[in-house]
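Novice: Single-letter residue listing:
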Amino acid sequence: MAQVSVTHLSKAYRQYPNRWLRLLEWFLPISKSKHSLKWILQDINFHLSSGDAVGIVGVNGAGKSTLLKLITGTTQPTIGSVKIEGRVAALLELGMGFHQDFTGRQNALMSGQLLGLRPLEIERLMPEIEDFAEIGDYIDQPVRVYSSGMQVRLAFAVATALRPDILIVDEALSVGDAYFQHKSFSKIRSFQELGTTLLFVSHDLATIRSLCPKVIWLENGAVREFGETKEVLDAYATAIYAKNQDVVGVEKRSLEESAVKKEITHQKRDSRLSFINNSNLRNDIQIFEFNKNAIGWGDGGAKITDTTLFDTDGVPLSWIIGGEEVVLAIEAIAMQDLSNVFVGFMVRNKLGQNLFGDNTYLTTINEPINIGKNTVFKTTFRFLMPLMPQGSYAITSGITTGTQLDHVVHEWIHEALFFESHNRYSVNGLIGVPMYDIQIKELQSNF
Amino acid sequence: MDLISSTKLTAIYRYRGFIFSSVKREFDSRYRNSVLGPAWLVLNPLAQILMFTLVFSQLMRTRLPGVESPFGYSIFLCAGLLTWGLFADILNRSQNMFLDNANFLKKISFPRICIPIIVILNSCLGFAIILSLFVGFLLISGNFPGWIFFAIAPIILLQIFLAAGLGMFLGVLNVFFRDIGHLFGIVLQFWFWLTPIVYPFAVLPDWAQRIVMLNPMTPIMISYQGILVQGLPPIWFSLFPAVLLACALCFFSALLFKRLIGEMVDEL
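Quick note, the sequences are listed as chains A and B, same order.
Just so you know, the working numbering puts 122 at position 98 of the first sequence, and the rest follows in order with no gaps.
Just so you know, the working numbering puts 37 at position 9 of the second sequence, and the rest follows in order with no gaps.
Cross-link-like lysine-lysine pairs, in silico, DSS-like; alpha carbons within 30 Å at most:
1) A:K62 - B:K286
2) A:K207 - B:K134
3) A:K327 - A:K397
4) A:K107 - B:K134
5) A:K62 - A:K107
6) A:K238 - A:K211
7) B:K134 - A:K238
8) B:K135 - A:K107
9) B:K286 - B:K52
10) B:K286 - A:K58
11) A:K207 - B:K135
Selected chain A positions facing chain B (in silico; Cβ < 7 Å):
12) Y37
13) T96
14) G97
15) T98
16) T99
17) Q100
18) L116
19) G121
20) D125
21) M134
22) Q137
23) L138
24) P143
The set of hints was computed from the structure by calculation and includes no laboratory data.
Note that the Cβ used here is the ideal one computed from N, Cα and C, for glycine as well.
Isolated chain B, as found in the complex (with noise of 0.2 Å):
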């Protein structure tokens, strides 16, 4: 069965300005009407980074192994954070996407898989101006790792396949059961602590190491936090179990879309 048709793709192509549109659109309409804009998007990021700094780093004291600039930790936050942001963003917004956009699936007829697309890319435009603001700091405070900062491209886009595939099967089985929005909330609150963000991997003990190495997410913020703090090149070898995850999550999900989005339509 091909999942990905050349109609299909045909079809998004001649959607782009559709999909394009709606990007905007989304962004605009999250923005307007307030003040300070799309500030927003990069003060609830800050206001975590900071409070994490101040939390870890200045009142408990907690040091990097190894690392002995004064932004030490923060750079490591934010290698976490604002990555961990992209992806608890794209699952928040794709758990969401079918319900969201019931009147428009129930109205109008256009290429379904156009929805993720639009979620994904929504998400990637908020991460792009992050990480650019993240880049200038660095930049400027001397901290940039150098070319090998662009070896996070490809982890990036794993992440984003992780979170797409995983989205996508949330989003199918929200519109039939409503648990999965408030459950996955919980599961992400866990899976967020069970993820070296704001604590270096190398500070837990054994057992917990072992445990933590389980979870696909703590590789790929390993090798984030190697490259931007230390500037170190990952493992790409520890990165392949979350490559084949991706991989049978996004066909999988796609299979499950596919059977399930007429039923989809009739349930919104």
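If we strip away everything but chain A, and leave its shape as in the complex, we get (with noise of 0.2 Å):
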């Protein structure tokens, strides 16, 4: 039986030129419309079974909070429908409309209300709500004193003291802190267990690589793709970083294919890596595009042009996984003579830490070399891309003459090149070190 049956759903808002034309519409109701219409959502099908758990993943204005708010029933369909069975409990905004001078317990109440719940039931649960709120002392305080994290506790926490048939989560949560989304994540899933419809919509693809095994994907107010969270996953982030890189026809490399190449062309690996890519603990590393205007110094003796990663083809990457080679090529032009050059790279994280880089300086130590003016050159580095925690990166490239000590900086760009990590396999310390061989041996026994 279907819990939640959307079909043919559409929203579009009015948009009269002025409000003159509006009060003509009205009044005149016999003259032709005034209006158009601006499509945000357009045939949306799907029908959702007791305990399916479905992530909505889009851009910015693909229409994900809007769906949403279809299905809450907080705003009308302009055509189609949407049909629920069961109990709702949605956590679309932070706090629910908690009013900031009242007392967390008050606006537990009240929003207990709102969720159906009866006073007296409410009462009841109370103590369940603030031992998973957690929030201590503060629930007999205003609203207005709590931090965003303790508002997004508080609102989680009565949105779940009753298992609701259907639970619909938009970015809320991402407020709170690791510990709380960890537990929120955990109820869900117990929910889920029980027969909780789940929908669930955030940026954050790891989260709903965990929870959801089904994805809808949506793309200017219609679906893209609804399927298996991994092909749609896959399918969505290379259609971004596609976007992101302008580069046409990036294609979804199989992974069965990629894994049979590399057990060509390469023989030291990570042991475990056809493992881990075939798995979802694969730490998939999503690559930005050369970035143009970023913020860099040097005296312009050289420009660079383009800081690219390639794979051993010479493919140029839009994503890559973590623990497999990858060439850096750093292309650059000269606008002066230039002697004695040297170029280098540093990867560094969101915190500006230095991760791992190098540069060309040792390896042209015998025979140095010389640039002419307006030569147009390209230094490549090949390398095994470590496997990196999750997070933003970026690299750092640079064009010096001189000794590593004593140089001149002809250019250094402090963020040529971003890219960002969706790891589900924890890597420990700053970046992960692919392991050749990983072994456990008895060597003697005491008895």
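Assembly of the complex is requested from the two constituent chains, each provided in isolation within its own frame, with the hints serving as guidance.
Specialist: Below you can see the structure in the form of structure tokens.
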């Protein structure tokens, strides 16, 4: 039995060139309509049965929030219908309309009633709510003194105090700290097992992977894909990266294909790579386009025109899986004659910590490189991309002449290339190093 | 078309807890962080009554025909001002009710009809407090008109329906055209002076009486004043146009509300 049935759901906002025309349309119903329709969602169809968990992804403005609002009944559809069976608890926005001047307890009572609970029921559930929210004495303080994390804790605790038949969660939870998120997710999972249908909107693909077996990908108000999480998210990620890179025709390479290729070309690899890559533990690293407007410095003797990551076959990468071999290419043009050129890069994490990097100095120390004015030159570094903890990273690239100790910087770009790591496999430390071999052996028995 | 279907009524019943706590919450929040608290509820009309008594009764020596009590004019004023206060309060709250609750409407799904109900109950709560103080004053000063007093109940009910219907209409329109709020502030001023509240209807010249009689609030006010000042039963027939108007307004507003509620949430 379908618990959520969405058929031909479409939503449009009326737009009038000016307010007088709206008035005219109201009072002269015979005249032709003066408004134009701005379609936010068009012809959405899906059916979810009890226990389904579906993630909804899409770029900003794709219609995710509107879809959720239509499902909860906050806004009315223009065409089509939503049929819901069971009690819905929705965590659409921070605080669920908490009144700032009232205490957490009073607000909890109010929100509970809005969710369709009776005051006595809420009274009975209050200890559990307090327990789950873990905001201590703040429960009797006005909500205005709460941090946004505390508000979301309380809101989530109230919304999930009684298992809803349908749970709808928008970005809201991302405000909570890691501990609370973890706790919320396990609660959501336990609800799922008991038959709660989950609709979950997030930009955090890793969370969606862990919670939802199915994903709806919304694009420009329509369902672009609806299916198995892995496939839809791969397609989604590829499309996003392709858009970022402005590359036409970045194809979705099947994992098997690339795994086979690596088997042949590279001998040295993390022995767990093929297992990791085919599980949801893989370390997806998303790469953005060379940042032309990045801030840099230098005397202008050379100009970096491109910084790109390639695979070993020379195909530009929009995303890679940590633990595989990549080639970093730095292209530059000499604005003057350069002697003793050396080129370097550094990978930094979000906190600006230098993780790893290298330069051409030692390689070229015996045969210094000289480059004439207006010459375009390309430097490549081939290396094993480590496994990266989740987060965003930047590659700094630079061109200098001289020696490592005494040199002139011609150009140094701080954030030439960004990449982002989506990691399900926990990496301990700043980076993970591929393990060639891991073994446990019994050496001797004491008995 | 059934405007208030049985499902709607059960929805209201199911959300009664929400409605009552909203009323309580709004009442609380209005006087929270103030030292005198709900006393402000009374101080406002009290100041108004003192002012009008002073200006009209003492300075301008207005006398009510056939009333000798020293409190005569004050009671006459209370009869009009307090009930007009309820009328104006419902209207003022109603025209902003959807705008004020925009966040609620946009984010949470609940029967939307709760909002006007909360607004009306809130106004009535304030009025009930003022009215009971007024009754206390009447009893202590020996001016209580007796059983006839309870004749004001159906008139108050009529007035509430009139205000609710009109308020709902203004509230819905105000979402689309914010001019309504500004415009109606002015209209309400004129309306006040075109209603025999601070002056007795009888002192008006004939031509003015004919104009003022077109105002549906006039017979309502005359009835209150008759009951409370002279202890006279109202001329029920004179209230008939107001009843008709209240029914029409409520019906039309409910229709408008039902038709536009979806678009309203989009517009907020």
